[in-house]
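The residues making up each chain are set out below.
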Amino acid sequence: MRAPFAILALILLAALIGPWLIDWRYDAIDWDAVRAAPLSPGHMLGTDSVGRDLLARTLIGTRVTLGVALAAALVSLVIGVGWGAIAGWKGGRTDEAMMRIVDALYALPFMFVVILLMVLFGRSILLVFLGIGAVEWLTMARVVRGQMLALRERPFVIAAEAAGTPPVAIVLRHMLPNIAGVAIAYLLLTIPQVVMIESFLSFLGLGVQEPMTSLGILLKDGVDDMDLAPHAMLLPAIVLVALLLCLTRIGERLRDRFVG
Amino acid sequence: MSLLVARDLSVEIAGRPVVHGLDFTLDAGRSLALVGASGSGKSQTCLAPFGLSVGTASGSFRLAGEELIGASERQLRRIRGMHVGFVFQQPLTALTPHMTIAAQLREAWTQAGGPRPSRAAMEAALERVGLDRPVERLDQYPHRLSGGQRQRALIAMAIAHRPKLLVADEPTTALDAILRAEIMALLSRLCREEGMALLLVSHDLAAVSDHADAVAVMESGRIVESGPTRAIVDAPATDYARALIAASPRLDQPAPALGPVGAPLLEARDVSVSFRKPGWTRGRLQAVDGLSINVAEGEAVAIVGGSGSGKSTFARAVARLGPIDSGEVRWRGALLPDRKAMRPRDRAGVQPVFQDPVASLDPLWTVRDIVAEPLRRLRPDLDRAAIDERVDAVLTETGLSPELATRRPSALSGGQAQRVAIARALGPDPAMLLLDEATSALDVLVAGTILDLLGMLQRQRGLAILMITHDLAVAHRLCHRIVVMDRGQIVEQGPAGELIDAPRHEITRRLVAASRPHRVSD
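So the sequences go chain by chain: A and B. Going by the working numbering, the final residue of the first sequence carries number 260, and the count climbs one at a time with no gaps. Going by the working numbering, the final residue of the second sequence carries number 782, and the count climbs one at a time with no gaps.
A few of these clues could be false.
SDA-like cross-link-like pairs, simulated, lysine to any residue; straight-line CA separation at most 25 angstroms [what the hints assert, rightly or not]: (1) A:K90 with B:K600; (2) B:K600 with A:P155; (3) A:K220 with A:L116; (4) B:K600 with A:G82; (5) A:K90 with B:F535; (6) A:K90 with B:G582; (7) B:K537 with A:P155; (8) A:K220 with A:W31; (9) A:K90 with B:D598; (10) B:K600 with A:I86; (11) B:K600 with A:E161; (12) B:K537 with A:I158; (13) B:K600 with A:G92; (14) B:K600 with A:I158; (15) A:K90 with B:P604.
A short list of chain B residues far from chain A (calculated; beta carbon distances all over 12 angstroms) [what the hints assert, rightly or not]: (16) I273; (17) A362; (18) E527; (19) A653.
Everything labelled a hint here was simulated from the structure, so no lab data went into it. Beta carbons are placed, not taken as given, at the ideal position from N, Cα and C, and that holds for glycine.
Construct the entire structure; sequences and hints are all you get.
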């Protein structure tokens, strides 16, 4: 269990403070070192096809990808918990109607929806994570609703009702705190999914825009330039895979612990 | 020669000893009950030597001359398969949900090395354990069977290979009183017919007294007293055994002293509750069918019935804590509003205590916050300091130290948790307590002390009580009046003494028989 935490912490730390520790900015071009090989002087990991330091770009790209993922996951948390809590608490017809809407949204080809949003409203990071968050909340809503339904019949909830606690307070003070563990576990499982989606959108050229970068863009550039500089996609690929594995592993552990 | 000989048997779990050097023997065809409170190590004693628990056993445990301690998993499996049948406490989870009864029975048969059984043989096996309509049952899945029916099916599987020893670990604890008596009688009969020895584990000395030849009373991993059942029940030598016997509620005890009864308090008229049937069917299940009940000030009334009789649904509907289709409820003459429209002052009069003490406390809250919650909501006249003072007072009244107030429910024992739940209910000074099987999830010693506490509160505070239970003996110990329910109907009601002495309805008779040990009459 320690290894995923340690690796995740390392990546987070590098993304947060790493960019300040190296001499090159992510968008600065070193005209003397275009497509420099790894371990060349001044560029530990070499440079890309226009002479930008790859280490600097990877660090910034990781930061952007994680930022987008976290923001989108939080959006999905807010919508998902809110939706699921209302459906699970109200029950009956309200629950039926709300969950059928979730089913309908599940059926949409959501990548298509995100792309459509991009085309309609222009490309911006804000839109990327809003769009992703708005479709990633479905699983969260289902999980929260299921937990609420189970909690609603628990004696301590009925005892709170007998104690004269109003319904809103029962939900906020008794029920939601008791599903927080499960919700956080699913939040951690949502983050790797969003990382994947963001990388994919950026890879298609629909996500983050140059000269700003993300892991997806770095991979795309690396793939484009694979013949001449195969090292360019190596570090972003390693970081992405490590990130996905660690987050999934921690999330699954937490989920197993809380869901049983 | 004895079938089972345990010498200096010890069990430890993760390095912590839970059973210390037990000696006992069990002859073929005889029965031995290990009795003790929870945590006394009785289950470990009979499961660990067979490799069926997390504990590791040491010492000597010989079955039919073969040593089980130190035997390999393979040998243990062979010995279990040849000689031993097991019946466990949880009939709901001990059957595989996706296999029919026939498939599971066939598996039990062939796993034990027997030939593939014919349908007729399996029908006969189910018939033997008293399962009704065995022909249909064979093709049913476990979810179609009730708790008692599942326990019968499990017993059929346990004895399929004609074992020499049947190990029954709390076989009736999860069942209601009528089923308890029936299942215990079934186990006794089967052991007699097959010449099987029975190793029985139970927390209830009175319940096993009819069915075991010998008893070993266990306390914290040691046998404190053992001998023939009658000798121990009639003249226990140790305080612990005496406490175990006294704690178990019995119908032949004298009627308890109860407080005086006053003016009408709660009057419910024509209460009906129905539930939508599961699945796609349109029908509704009538759980409670137009019932009425009255409770006066200071009166303790019990609603008694088997599982699924609708008693809990009825009581919750009356207390405005569950769904209700129709019917009116008056509190001191005034109509109570619907569940959703109940104002805090309407709630203050009735406070509930539920069956599972741990599930009825919010696991994230401290004891102080839990007990203070109804005070904060129902007693706006109290300020923070006054609430703290009252919390300490009710904790003391229920026999708890106020120092417990900073703990969370996970750090409480079952008995302590139930006392916290009672303290919470007493906080706002209710006129009536709703006790929903408040003692049936606790082991017999703890349940006895909780019943004593409730009786004392009833007398001292003049509390009215509406109690739901499947156990007539519990109702007898605490209540003036008993209402017997079956399938959503009230079938009989009357003063506790009269109803128990002269039961008129079939269900009442069965409840009385289930709670009255046969040994007294023979």
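Evaluated hints:
no.	hint	result
1	A:K90 with B:K600	12 angstroms, holds
2	B:K600 with A:P155	17 angstroms, holds
3	A:K220 with A:L116	21 angstroms, holds
4	B:K600 with A:G82	22 angstroms, holds
5	A:K90 with B:F535	17 angstroms, holds
6	A:K90 with B:G582	14 angstroms, holds
7	B:K537 with A:P155	23 angstroms, holds
8	A:K220 with A:W31	22 angstroms, holds
9	A:K90 with B:D598	16 angstroms, holds
10	B:K600 with A:I86	16 angstroms, holds
11	B:K600 with A:E161	10 angstroms, holds
12	B:K537 with A:I158	23 angstroms, holds
13	B:K600 with A:G92	15 angstroms, holds
14	B:K600 with A:I158	13 angstroms, holds
15	A:K90 with B:P604	21 angstroms, holds
16	I273	21 angstroms, holds
17	A362	31 angstroms, holds
18	E527	19 angstroms, holds
19	A653	17 angstroms, holds
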